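**Q** Residue strings, one per chain:
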Amino acid sequence: MPWTQAIYYRDATNVEPVDAFIEALPKKRAVKIDEFIEEHLNGQPIEAPPPEFPISSQIEGELRELRVRFARTRYRILYATPLRAGDDPRYLSI
Amino acid sequence: MSGNENSSPGPGPRGRPVAAAAHSRSQRSEEYREAQTEYAAIRELRKRNWLAAHIRERRYELELTQREVAQQAGTSHSFISRVEAGDHIPTIPVLKRILAVLDEELLIGVERQVPDEEPEREVAPAPEPAAA
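Chains as they are written, first to last, in the working numbering: chain B, 9 to 102; chain P, -19 to 112.
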């Protein structure tokens, strides 16, 4: 059975903006976000429904947000399921 | 990793797998590894005692010590330690005070099973103890 895998969006300058954002956070916060992604977006059957609110919510179309709470801060990690026909359905772009 | 590939999908708009980046962070930072250890312990605790895990995680993220929570909640360090270990369940008034220190409010909920329908739920603030 194919499983989902979260991957970073990489821009034209070869930068992965969300990875750069997480990398700059204090380490405890980076761990919380990385493990939230691992728990809720990685290793899911591709036909499984998206995580329910408040873990995630729909923004528009295939664009969703993963809602990670750390102390008094809410991080909203935007991600998208494959947008075009023919895209590999395993990959969730962050 | 949980059953997913670890190889990069290749050049183009797709970057690295998030899991690979997290692994790299773990390799490079002792502080990151320490936080991983704490969250792993909280995950294990949550399997047998959600409340204990919640209090431990919230206190950890707010960077409060057990002693600080105990002092502000009007209880003892050893009491908070036992609650976080899952060895003791506090009374409702004490739990309210602990959660208030953690910037949270205790709600009480009940659920009723209704044949052929979604369960009915009611949630309300925890009651204040009667004045002496």
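One or more hints might be untrue.
Said to hold, decoys possible - Derived DSSO-like pairs: lysine-lysine, alpha-carbon spacing no greater than 27 Å straight-line: (1) P:76 to P:27; (2) B:35 to P:27; (3) B:36 to P:27.
Think of the hints as simulated: they come from the structure by calculation, not from any bench.
If you're wondering where the values come from, they're calculated on a predicted model, not measured in any experiment.
**Q** Against the structure, test the hints numbered earlier, and report the numbers of the ones violated in rising order.
**A** none
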